Amino acid sequence: MTVTVNGRQLETQAASLAALLQELGYAERKVATAVNGDFVRAALRDETTLNPGDAIDVVVPMQGG
Amino acid sequence: MTVTVNGRQLETQAASLAALLQELGYAERKVATAVNGDFVRAALRDETTLNPGDAIDVVVPMQGG
Amino acid sequence: MTVTVNGRQLETQAASLAALLQELGYAERKVATAVNGDFVRAALRDETTLNPGDAIDVVVPMQGG
Amino acid sequence: MTVTVNGRQLETQAASLAALLQELGYAERKVATAVNGDFVRAALRDETTLNPGDAIDVVVPMQGG
Amino acid sequence: MSLRLYDVEVGSRLLLGSALYPSPEILQRSVAASGAEIVTLSLRRETATGRESAVLVSLIEQTAVRVLPNTAGCHSVKEAVTTAQMARELFDTPWIKLEVIGEEDTLAPDPFGLVEAARILSEDGFQVFPYTTEDLVVAEALLEAGCKVLMPWGAPIGSGRGLNNPYGLRTLRNHFPDVPLIVDAGIGRPSHAAQAMELGYDAILLNTAVAKAGDPVLMAEAFAKAIEAGRIGFEAQPMEERDMASPSTPLAGLPFALKEVQ
Amino acid sequence: MSLRLYDVEVGSRLLLGSALYPSPEILQRSVAASGAEIVTLSLRRETATGRESAVLVSLIEQTAVRVLPNTAGCHSVKEAVTTAQMARELFDTPWIKLEVIGEEDTLAPDPFGLVEAARILSEDGFQVFPYTTEDLVVAEALLEAGCKVLMPWGAPIGSGRGLNNPYGLRTLRNHFPDVPLIVDAGIGRPSHAAQAMELGYDAILLNTAVAKAGDPVLMAEAFAKAIEAGRIGFEAQPMEERDMASPSTPLAGLPFALKEVQ
Amino acid sequence: MSLRLYDVEVGSRLLLGSALYPSPEILQRSVAASGAEIVTLSLRRETATGRESAVLVSLIEQTAVRVLPNTAGCHSVKEAVTTAQMARELFDTPWIKLEVIGEEDTLAPDPFGLVEAARILSEDGFQVFPYTTEDLVVAEALLEAGCKVLMPWGAPIGSGRGLNNPYGLRTLRNHFPDVPLIVDAGIGRPSHAAQAMELGYDAILLNTAVAKAGDPVLMAEAFAKAIEAGRIGFEAQPMEERDMASPSTPLAGLPFALKEVQ
Amino acid sequence: MSLRLYDVEVGSRLLLGSALYPSPEILQRSVAASGAEIVTLSLRRETATGRESAVLVSLIEQTAVRVLPNTAGCHSVKEAVTTAQMARELFDTPWIKLEVIGEEDTLAPDPFGLVEAARILSEDGFQVFPYTTEDLVVAEALLEAGCKVLMPWGAPIGSGRGLNNPYGLRTLRNHFPDVPLIVDAGIGRPSHAAQAMELGYDAILLNTAVAKAGDPVLMAEAFAKAIEAGRIGFEAQPMEERDMASPSTPLAGLPFALKEVQ
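Protein chains in written order, with the working numbering: chain A, 1 to 65; chain B, 1 to 65; chain C, 1 to 65; chain D, 1 to 65; chain E, 1 to 262; chain F, 1 to 262; chain G, 1 to 262; chain H, 1 to 262.
I should point out that these hints are in silico values taken from the structure, not numbers from a laboratory. Some hints could be false.
[What the hints assert, rightly or not] Using 27 Å as the maximum straight-line C-alpha spacing, the simulated DSS-like pairs for lysine-lysine come out as follows: (1) K148(G) - K78(G); (2) K78(F) - K30(C); (3) K78(E) - K30(B); (4) K30(A) - K78(G); (5) K78(H) - K30(D); (6) K78(E) - K148(E); (7) K148(H) - K78(H); (8) K148(F) - K78(F).
[What the hints assert, rightly or not] A partial selection of chain G residues facing chain H, derived with a Cβ cut-off under 8 Å: (9) R44; (10) A72; (11) T83; (12) D105; (13) R189; (14) P190; (15) S191; (16) A209; (17) K212; (18) D215; (19) E221; (20) A222; (21) K225; (22) A226; (23) G230; (24) A236.
Owing to the predicted nature of the structure, the values given are computational and were not obtained by experimental measurement. Glycine included, C-beta positions come from ideal geometry on N, C-alpha and C.
Just need the whole structure built from these sequences, with the hints factored in.
Next up, the structure:
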């Protein structure tokens with residue numbers, strides 16, 4: 001199916017958010033996630049299933065004022 | 001019954017707002033009225049009945065900035 | 001002889017300041033004059049003789065702030 | 001004779017500025033002096049004779065901004 | 001060059017308040033001297049000094065100015081809305097200067113209540129003149145609520161401090177080039193009013209600066225001239241400010257130079 | 001209320017410079033729009049554009065204003081004195097705007113040369129208008145030298161910055177309540193001129209702010225009004241500035257109060 | 001004398017932003033030089049320069065400062081709330097610098113969205129540091145929403161203008177004597193920070209003024225000293241400002257007086 | 001980075017006056033807290049409180065600071081010169097803070113007497129620190145008279161107003177980049193001192209702001225830090241001030257954007 005990750009469309013077979021992060025190489029990374037604008041905390045990534053067209057955000061710490 | 005007019009308690013037998021204004025000598029005056037904080041326009045003063053404890057405001061034009 | 005008029009060197013035979021002004025076409029003009037930085041008023045232009053190297057200023061009204 | 005010291009008139013027999021300072025108890029003190037508005041440095045106090053009406057200033061260090 | 005407030009063409013860019021004058025007569029003469037075409041009034045319960053009310057109104061009627069009623073002193077949306085409705089009936093005008101006070105010391109507007117009351121009144125057919133701050137985002141919300149005029153403060157009501165935040169007022173002006181903007185409150189001296197007009201503001205509403213001047217009638221005239229001066233100055237496009245000096249009198253032809261100055 | 005400069009009664013409190021206008025015609029119309037009764041001129045060696053001089057003079061003569069010649073560009077006492085003498089003959093007036101420039105970047109006056117030239121010229125029968133700073137002590141020296149008018153700067157000539165040191169100018173005004181004081185140079189916008197007049201200054205001399213405006217004629221009118229506004233405002237005694245807000249609309253009789261406000 | 005932000009005792013009154021530095025190394029040295037105990041960070045999608053993120057975080061961790069994550073760039077309540085939730089997980093802190101931007105040019109806060117987001121987050125257990133204006137009424141609403149710290153701006157973010165509205169900031173300070181108030185944004189020079197602290201503000205949050213200085217590390221030290229100076233000066237109670245001069249050196253005993261000065 | 005006044009290398013950029021303190025003890029502790037290496041003193045006829053003089057001097061001697069005697073209160077060249085000569089003998093130093101007062105209300109310097117006295121004293125071997133205004137031309141004359149340091153006022157002595165004319169002070173600084181310039185008089189709060197140092201001034205001389213603070217010792221510390229902050233800030237080159245906002249937190253990678261932000 002097609003989903004959007006950080007604004008980029010891509011094809012994935014990942015059934016869950018956790019699987020998608022694994023697929024994208026975020027597994028070991030310190031990141032936070034949101035699906036369609038709603039926060040999904042780390043503990044719920046396994047049970048969070050993805051649907052076609054979902055917009056996923058994966059964010060990392062960055063400089064800020 | 002007892003009503004409050006412009007913050008002053010008084011006794012009246014007036015059945016309507018119009019009658020009360022008559023009683024208080026406002027009949028000929030250019031005033032605007034509110035009952036319990038709601039505006040009552042001139043046309044409705046006759047049909048506006050009063051109840052014990054009603055708070056009536058009778059206002060006139062005044063200087064303002 | 002050589003004199004300087006308004007910063008420009010020139011040759012003249014004029015014996016007096018008045019003659020010089022005549023020579024330069026200022027005769028009819030409304031001007032004020034100075035020789036070597038000293039004011040020479042109109043009444044004295046005839047009797048003011050010139051010497052080689054004299055610096056003459058001839059000024060006219062101009063815009064000013 | 002009568003002299004003025006720091007604005008106060010007083011009688012003295014002192015022949016010199018040094019003698020006057022002695023008389024007034026300034027001998028041991030760290031002071032600077034002026035007579036009639038002119039500075040008299042310490043080395044010259046002995047040879048500085050006083051005349052009736054002299055105005056003597058004797059100053060000390062004081063707080064200042 | 002002329003100013004349109006809602007559907008009304010206005011000549012004078014000075015709006016005058018009617019409070020705090022030494023006497024009704026001085027009020028009347030001050031209005032005349034100011035050339036104001038719009039005067040603010042309020043509504044109050046009749047007090048001991050009730051007769052003054054009648055005097056006041058007749059004076060205003062005689063001077064044939066347009067009345068802009070206010071909701072001064074209201075602290076809630078409900079009070080403001082009801083006061084506006086009473087004013088509309090009493091003065092027979094859809095115009096209302098909307099004040100919803102949020103804080104007693106500075107009489108600062110309450111942006112939350114202000115926007116809510118502005119929406120209710122606009123939907124009810126009022127033409128709202130909101131007394132607000134220089135806040136851009138609140139201004140945007142007031143326009144969305146239906147306001148077609150904004151009245152940011154210069155400084156707290158009656159303070160006479162002038163423009164506390166010229167940068168904020170300039171930014172507001174630049175951000176809404178097509179909305180009539182009136183500086184309301186805080187003006188103390190004619191130069192304050194001229195400064196605001198030079199920023200491009202469309203008009204000034206003031207009261208205390210005239211009413212509490214040593215000579216209110218004279219001060220009304222002073223403000224009338226200052227506001228015209230500021231407006232005309234704005235339209236005439238002022239010179240650029242320079243950090244260093246430059247001679248106004250040209251140096252070319254300066255006498256006594258040994259060589260000619262080119 | 002009227003202003004006396006030496007033995008001359010002056011109606012308008014705006015003195016206008018004649019330099020830097022786009023054209024002689026615009027200069028003429030600007031003078032007319034300003035209502036100025038006094039215009040400054042200078043002396044220069046005739047340049048290629050000499051004919052302009054004649055045009056200029058006739059224009060000034062037509063507008064029937066009084067000429068105040070200046071010594072602009074002079075850096076020494078000698079230059080200033082000789083220039084003043086030539087000006088007196090050429091313009092047939094004892095008036096002279098005395099400039100002795102001490103520094104090129106800011107065109108700041110040289111207080112030492114200024115006082116010396118002022119003394120020489122005053123003793124020679126001139127009526128001196130010295131271009132000076134807000135310095136109290138220099139002002140005192142100029143008065144002792146025979147000046148009966150002082151012209152402190154607001155900011156460097158042509159900078160348009162307004163009043164760089166309002167405190168200093170206020171102090172100067174308070175210190176010499178009876179001396180005619182004219183702010184000369186640095187004014188950029190009408191509000192600057194109004195501010196100076198509100199401080200109690202007697203008049204304003206400006207040039208660049210009008211000549212270099214987008215529309216000089218319109219700006220001349222703006223300054224005329226601003227200066228009147230500031231003067232009238234000064235005479236009308238402005239309200240006291242307050243630190244905290246105080247309501248202008250009386251609170252007595254406010255509707256919806258549960259108890260009456262006493 | 002010490003400052004408590006929510007349940008945390010803070011020594012340094014300078015909070016430093018981590019953006020816009022020439023390099024991570026200069027950021028690290030600037031944080032050290034500033035003495036800041038609190039540094040702001042943000043959340044972003046990983047970009048090409050992703051590795052910098054890791055570098056950054058490790059740097060912050062090494063300097064052992066407390067992290068204050070922000071919601072910079074959020075324009076809606078939803079965005080701000082979700083960003084705050086992600087930040088809490090990522091940085092393991094209940095602290096959040098809440099930005100809800102209402103206008104693009106000035107990056108002015110949106111008071112409506114700000115208060116709503118502050119309420120949602122406070123109820124969800126966050127400790128909110130709201131980036132707001134000097135508006136008293138908005139401040140009151142933020143406190144009611146659960147905020148125990150307020151962060152009014154001095155001027156628009158990154159403008160370096162200092163305090164645009166000192167009167168408004170002073171009023172806010174006087175109105176909430178017991179609430180920790182931090183001036184956030186707009187500071188450009190050390191004297192701006194000292195001025196804010198002299199008004200009684202509890203701390204300063206800045207970023208661009210250090211990061212964009214010619215020498216950020218040196219400027220970080222300058223701000224550290226300026227903020228201490230302003231705070232100590234506030235506690236030491238400055239002298240009263242006087243309008244006229246008065247001598248510091250006593251006149252009693254002045255030499256050369258003909259009579260004694262009493 | 002270090003400062004040289006005549007032939008003396010100075011560490012601290014704060015020069016402190018010794019007058020008006022609640023007690024000699026507080027003076028001594030304030031000097032210590034300020035880190036000042038130079039303290040001003042005056043000469044006076046011994047008064048009833050004469051013993052204080054001895055106390056004072058010993059205190060100064062104990063703190064091992066360098067003494068800068070002044071001619072405070074002198075109104076004529078003669079008085080100032082004689083006072084300087086007495087001071088040189090009494091304090092055994094060629095340094096003299098030269099004050100020639102021209103006006104009683106503002107204690108403004110007399111530029112004419114000041115320059116004359118400076119010339120006489122410089123020729124007599126004194127190292128003169130003239131208390132002057134921001135006037136460029138007077139400054140030039142003082143340098144020609146032999147001064148190698150200038151001390152322009154910020155505001156009248158003891159007024160605590162800060163910098164009355166920042167433009168004039170900035171111009172003076174830019175005009176004499178290589179002359180040690182010390183702001184003397186008028187400073188009221190630490191931020192005033194920091195502002196002067198950010199303009200590039202080399203040092204600050206103050207007295208009343210410390211002596212008349214609620215807690216002089218604490219205020220002395222505050223000024224010490226503020227002056228360092230301003231100096232370091234000047235050397236670190238502050239950011240450019242911007243009229244509009246610019247985000248400190250980068251927008252690239254902002255979450256929730258439908259498309260990627262480039």
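Quick rundown of the hints versus the structure:
1. Taking the CA atoms of K148(G) and K78(G), the gap is near 22 Å; set against the 27 Å cutoff, the hint holds.
2. Annotation: proposed proximity of K78(F) to K30(C) holds, straight-line Cα distance about 23 Å (limit 27 Å).
3. At roughly 23 Å between alpha-carbon atoms, K78(E) and K30(B) fall within 27 Å of each other, so this suggested pair holds.
4. A C-alpha spacing of about 23 Å is found between K30(A) and K78(G), which places the hinted pair at or below 27 Å, so the restraint holds.
5. Restraint check for K78(H) and K30(D): the C-alpha separation of about 23 Å stays at or below 27 Å, so the hint holds.
6. For a cut-off of 27 Å, the pair hint linking K78(E) to K148(E) stands: about 22 Å separates their Cα positions.
7. At most 27 Å may separate the alpha-carbon atoms for a hinted pair to count; K148(H) and K78(H) meet this at roughly 22 Å.
8. Only pairs whose Cα atoms come within 27 Å are accepted, and K148(F) paired with K78(F) is accepted, the gap being roughly 22 Å.
9. Taking 8 Å as the C-beta contact cut-off toward chain H, the hint placing R44(G) at the interface holds, the least distance being around 3 Å.
10. For A72(G), the interface hint holds, the least distance from its beta-carbon to any beta-carbon of chain H being 3 Å, beneath 8 Å.
11. Using the Cβ-Cβ criterion of 8 Å, the hint placing T83(G) at the interface with chain H is satisfied: the shortest such distance is roughly 6 Å.
12. Hint status for D105(G) relative to chain H: holds, with the closest Cβ pair at about 5 Å, below 8 Å.
13. A distance limit of 8 Å between C-beta atoms decides the matter here; for R189(G) the minimum to chain H is near 5 Å, and the interface restraint holds.
14. Below 8 Å, beta-carbon pairs count as interface contacts, and P190(G) has one with chain H at about 4 Å; its hint therefore holds.
15. Residue-level restraint check for S191(G) holds (minimum Cβ-Cβ distance to chain H is 4 Å; threshold 8 Å).
16. For A209(G), the interface hint holds, since its Cβ comes within 8 Å of a Cβ in chain H; the closest pair sits about 6 Å apart.
17. With a cut of 8 Å, the hint placing K212(G) at the interface with chain H holds, because the nearest CB-to-CB distance is about 4 Å.
18. Of the supplied interface hints, the one on D215(G) holds, with its beta-carbon coming within about 4 Å of a beta-carbon of chain H, less than 8 Å.
19. Annotation: E221(G) was flagged as interfacial toward chain H, and the flag holds, the nearest CB pair being 6 Å apart, inside 8 Å.
20. For A222(G), the interface hint holds, since its Cβ comes within 8 Å of a Cβ in chain H; the closest pair sits about 4 Å apart.
21. Because the smallest distance between the Cβ of K225(G) and any Cβ of chain H comes to about 4 Å, under 8 Å, the interface hint for this residue holds.
22. Of the supplied interface hints, the one on A226(G) holds, with its beta-carbon coming within about 4 Å of a beta-carbon of chain H, less than 8 Å.
23. For G230(G), the shortest C-beta to C-beta distance to chain H is roughly 6 Å, which falls under 8 Å, so the interface hint holds.
24. Proximity of A236(G) to chain H holds as hinted, the smallest CB-CB distance being about 4 Å (cut-off 8 Å).
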